[in-house]
Amino acid sequence: MISRQVLNRASPYVFIAPAVLITSIALVYPVLQSIWLSFHEWSIGTPPDQTRFVGLENYRWLLADRAFWTSVGVTLVFAGAVVLCETVLGVGLALALDRELRGMSIIRTIFILPMMVAPIVVGLIWRFLYNEQFGPLNQVLTGLGLPAMSWLSSPDLALVSVIIADIWQWTPFIFILSLAALQSLPSSAIEAARIDGASPWQAIVFIKLPLMMPVIVVAALLRLIDAFKVLEVIYILTEGGPGLSTEILSLHIYKTAFVSQQLGRASALSNLLLVMVMAITLALVAVNHLRRVATRRADAAEG
Amino acid sequence: MPRIAIKRLEKRYGDVPVISGLDLVMEDKEFTVLVGPSGCGKSTTLRMIAGLEDVSGGEIWIGDREVSSLEPKDRGIAMVFQDYALYPHMNVAQNMSFALRLARMPRAEIDARVRRVADMLSISHLLSRRPRELSGGQRQRVAMGRALVRDAPVFLFDEPLSNLDAKLRTQMRAELALMRQRVEKNMIYVTHDQVEAMTLADRIVVMNGGVVQQQGSPQELYEKPANLFVAGFIGAPAMNLLSARLVSSSGGPAASVGDLVLPLPERLQDRMSPDSNIVVGLRPSAIKPAGVGRGELPVNVLLSEYAGAHSLLIGDCAGQRVTVEVTSEDVRRGAGSALFSFDPEQLHVFEARTGDAF
Numbered sequence: 001m002i003s004r005q006v007l008n009r010a011s012p013y014v015f016i017a018p019a020v021l022i023t024s025i026a027l028v029y030p031v032l033q034s035i036w037l038s039f040h041e042w043s044i045g046t047p048p049d050q051t052r053f054v055g056l057e058n059y060r061w062l063l064a065d066r067a068f069w070t071s072v073g074v075t076l077v078f079a080g081a082v083v084l085c086e087t088v089l090g091v092g093l094a095l096a097l098d099r100e101l102r103g104m105s106i107i108r109t110i111f112i113l114p115m116m117v118a119p120i121v122v123g124l125i126w127r128f129l130y131n132e133q134f135g136p137l138n139q140v141l142t143g144l145g146l147p148a149m150s151w152l153s154s155p156d157l158a159l160v161s162v163i164i165a166d167i168w169q170w171t172p173f174i175f176i177l178s179l180a181a182l183q184s185l186p187s188s189a190i191e192a193a194r195i196d197g198a199s200p201w202q203a204i205v206f207i208k209l210p211l212m213m214p215v216i217v218v219a220a221l222l223r224l225i226d227a228f229k230v231l232e233v234i235y236i237l238t239e240g241g242p243g244l245s246t247e248i249l250s251l252h253i254y255k256t257a258f259v260s261q262q263l264g265r266a267s268a269l270s271n272l273l274l275v276m277v278m279a280i281t282l283a284l285v286a287v288n289h290l291r292r293v294a295t296r297r298a299d300a301a302e303g
Numbered sequence: 304m305p306r307i308a309i310k311r312l313e314k315r316y317g318d319v320p321v322i323s324g325l326d327l328v329m330e331d332k333e334f335t336v337l338v339g340p341s342g343c344g345k346s347t348t349l350r351m352i353a354g355l356e357d358v359s360g361g362e363i364w365i366g367d368r369e370v371s372s373l374e375p376k377d378r379g380i381a382m383v384f385q386d387y388a389l390y391p392h393m394n395v396a397q398n399m400s401f402a403l404r405l406a407r408m409p410r411a412e413i414d415a416r417v418r419r420v421a422d423m424l425s426i427s428h429l430l431s432r433r434p435r436e437l438s439g440g441q442r443q444r445v446a447m448g449r450a451l452v453r454d455a456p457v458f459l460f461d462e463p464l465s466n467l468d469a470k471l472r473t474q475m476r477a478e479l480a481l482m483r484q485r486v487e488k489n490m491i492y493v494t495h496d497q498v499e500a501m502t503l504a505d506r507i508v509v510m511n512g513g514v515v516q517q518q519g520s521p522q523e524l525y526e527k528p529a530n531l532f533v534a535g536f537i538g539a540p541a542m543n544l545l546s547a548r549l550v551s552s553s554g555g556p557a558a559s560v561g562d563l564v565l566p567l568p569e570r571l572q573d574r575m576s577p578d579s580n581i582v583v584g585l586r587p588s589a590i591k592p593a594g595v596g597r598g599e600l601p602v603n604v605l606l607s608e609y610a611g612a613h614s615l616l617i618g619d620c621a622g623q624r625v626t627v628e629v630t631s632e633d634v635r636r637g638a639g640s641a642l643f644s645f646d647p648e649q650l651h652v653f654e655a656r657t658g659d660a661f
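Chains as they are written, first to last, in the numbering used here: chain A, 1 to 303; chain B, 304 to 661.
Next up, chain B with everything else stripped away, as it sits in the complex (with noise of 0.2 Å):
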């Protein structure tokens, strides 16, 4: 099983640079997530990690083979798409069986594996189906069969789930992982969204603008985001930003928000030139009722929205808008400023200019 090395990839559509200089690592039967907004390049770095697109500039090494000028066939991959893309004119059999088939594999394995397979994604019974006559969710089990018959030692995920419905996505993700837990192959999946990086990913990738903003296990990411753009983009309900600037006074390192003076890490003391501008980044997780904390934030709220055992209350904090989430057993009736607290420790602090973390 081949470790994936992807060395200054680059790649233009005529003058236009989409990826520029892409250096990353996927270790051998790792699960690696590449997440961002659409356009980051995710989807086209994946695209030429299969072959399916040029590569303008760099390398692509799977296992001990640099692999981008092979034809796809020859890179040892298999691949889900994000509209499946089954064959519409053959069976289900059919559909899973072509590459088998295609490589001359014996009939009787063929129809082994293809038995095995259909057995482990519960897709038996449709084997003689026609693609449209499926649901989605059943297209994408089969999708998912025909790249596993084929006991690639590579995977590669085009964002499979995007085309599901809300609760078959959060269903198929859960499967997803749990196939993952038998089939231990180096895999790689494109989304653009975080919370399928969060639960499924060994490794995490974030890209932005054809730049890997920072890689790491989910819980780095989350923990510690490297810098602005991540820290918005992992975690749901997303960071609250606030655009402060960073005063000393007599308790350690400070920042001014409006009138507010919120205390900072004690760690960050040292690393921090005076009066610049920062920004402050605390999760609506980390907001605590009143008292609970070191940190005061009064927030004047002005929505709340009940989510069941949650309640994501949206207000305003010095003039910024600010998300707290709280059980809902605390929600007050009604609008109106409300005093909360937060542990200093937990905050994130960026540098307003370059975006990166302290």
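Chain A with its partners taken away, still in its complex shape (with noise of 0.2 Å):
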């Protein structure tokens, strides 16, 4: 008979091993199944038995592909782009919406919206407004005077157009959480700046922004790295051309597997842009660390 007392220890565990388990499976699994891949050469469609161990090949290959450089330079650039914009774009539209006037919620609630559809959807709303003869931003610009703009098909304005769509439906998610941010701020601080001399827009620099930081931070780093691993939107906006002009990793990804067959390279490919993530998702965790070891010392020293 198992004594109570080994029971009541064991019991932790025992909820925590069906999300284990799950996590096992279905993380765990197929990344270290990609590691293994990415030391092997196999196409699609030919047994397992006749993948063929190729040691690092794969990885040397990929670094001196020039096009995997490219597609590291758009992601770069790409996923910098947006996040410095959706971040000044975020945090500039809670600073001006962070106040109780008529109809404020409706206004929040649509400013929301975008980041509620599929991201499917957004690629096909952006193909439509970006379609060069019938496209309605076209239409405006021909309509203003203005000569009309290959959005999609120009390779210097295709990465633009992307970004674009991008910052369209995740300046929200910076947006939401720097409101929320902003309205736990304490509001008697606001208003001693207030009494203290602060103009509106020094209570901003001086208090609000310094105050809301942490959760920027945070806001920031969590949509670069799902900036990183973006697929959906540029597939149907552009399918990564013109030329190589929008081929971030993860659709190079895509088409080494799918396209170019080539499963080893392909899981090599995977392995790097986890790396990245995991370094970025890295940073991540460590600001958290280092702010709740700052407030722990913080609270012994109160204590």
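Hints in this document: simulated from the structure, not taken from any laboratory. Hints may be right or wrong, so weigh each one.
From the structure, some residues in chain A lie toward chain B, with a derived Cβ separation under 8 Å [stated by the list, open to error]:
#1 PRO18
#2 GLY73
#3 ASP196
Interface residues of chain B toward chain A, partial, derived using beta-carbon atoms under 10 Å [stated by the list, open to error]:
#4 ALA381
#5 TYR390
#6 ARG404
#7 LEU459
Values in this document were obtained by computation on a predicted structure and should not be read as measured data. No residue lacks a Cβ here, since even glycine has one placed at the ideal position from N, Cα and C.
Both chains are given apart, each in its own frame, so use the hints to dock them into the complex.
Here's what the structure looks like:
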């Protein structure tokens, strides 16, 4: 007979066991499989026993591949641009809309709608908007007497167009989190700043933004992680083209796996992307950890 | 140093009036305490003076300027908040110097001022700490310091001691009184604690329901409460208030409380119509052992609360609850009836219907 004490001690493990099991099957196994595969050469459609061990060959090939580096460059530009713009716009909107006016809650709801649209649909919406002949954007431009733009077919403009679509969809994410942060700020500190002589701008720069910063940093890092993995919208809009001008890493992986059918190389690519995203995630965890340590030290000092 | 005048001040939230037609004058260098139960409009009044709350009607004058439409920063005020409102991301020195830095004061002068005030409040050793590394009492001092460095002519305090524990509150109250002697400014202080009001104020303004009940020196309010509300609010333990009926007796005016007849002060002789309903007020400390005063008061003692040198006897007098304050040596063990006395001149008499004092 197992003693009650042993059962008590075991109960937490029993409760987390299902989660551990599912995570193992759905996450750990594929990652391990992908690492294993990245050391092999295997084409889609061939039997698994025809895979050939090639060691680090896939990685060596990738690092020498111009298309890979172009894709890394596109990914960095894309991620950097969207996160920067979304953070500035999202925080700016939150600061602008943090007031009690009639109808403000409706406006706020409208602002967060894009985030709720499925990425495929976002892609389709923007493909229509960007359409060179019938798209509303070009109709407005020609209506104003300006030349029509090749939104998606010009190598220079395509990446910008894709970035705009992502900003449209994901600025609301930063906006909601910033607004929540803003509304949980101690109102008396902001009132004290008004009495101390701060103009509305000075209150934002010296009080509100510094106090919101922990939330803004975390929100931006979450967006950065997501931006490295974006696929659907770009796939619908440009399929990575023209040329490689919008081929970000996840799309590059997709094409390597399912167009070129080189699963080993695609796995190696996936692992490299995983390392990059992991680095950002660790940065996020580190930021949180440092803050918690600071808080704990402060609390200890107080206690 | 300005005098503050409030004229016909009004505040409504939607259709709900919070303050209607408030008139107040706070003289220069006076320490005015607005006191009242929560929801009486005292904090709202203070916040309107500060400019943190819009005015629905009326005027606020600071010195010779009507300020009710000015921004808080243009009113020449400093304020200490209930929750201190320190800037969590700045250290103590930065907190204290924030207003001066915004005003682009030269660095050397900022440093000198911060150091002087920090010395005065004994917080010099805390200047590089963040607010969350401070205890409640220290935060309180820093909040005070931040207001003091600005050298504004008007000081506003919004329940500054209510977040402190009882012991610290008493200590900070004394320090505030000391600081008050050194800093001659027009101070307005809001509290719900009548002890703070009594100990700090030059003048107390008692508010209830957005209306001023009475204003005057602590002594005036204690000795001559204008109505039942002030009588019950000012003084601890609270005044005994007994419902009674005015009767005429051979020895002058008197009040009947149940079977009991209490002699009333002679001065009230001609001012009252007989047989009207009144409320008789008698402070617990004005009730003496039997034989000391002319009036007699039998009390059926139910409970004694020992509080060191003094004890409070809680009992029943003609069916109404009374509190008697006695020196602890006089406390007889156990419950039971006892006879006390009082001086009729120390009775307060209020009209039952209006609550106004006669």
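Checked hints:
{"no.": "1", "hint": "PRO18", "result": "violated (39 Å)"}
{"no.": "2", "hint": "GLY73", "result": "violated (37 Å)"}
{"no.": "3", "hint": "ASP196", "result": "holds (4 Å)"}
{"no.": "4", "hint": "ALA381", "result": "holds (7 Å)"}
{"no.": "5", "hint": "TYR390", "result": "holds (6 Å)"}
{"no.": "6", "hint": "ARG404", "result": "holds (9 Å)"}
{"no.": "7", "hint": "LEU459", "result": "holds (8 Å)"}
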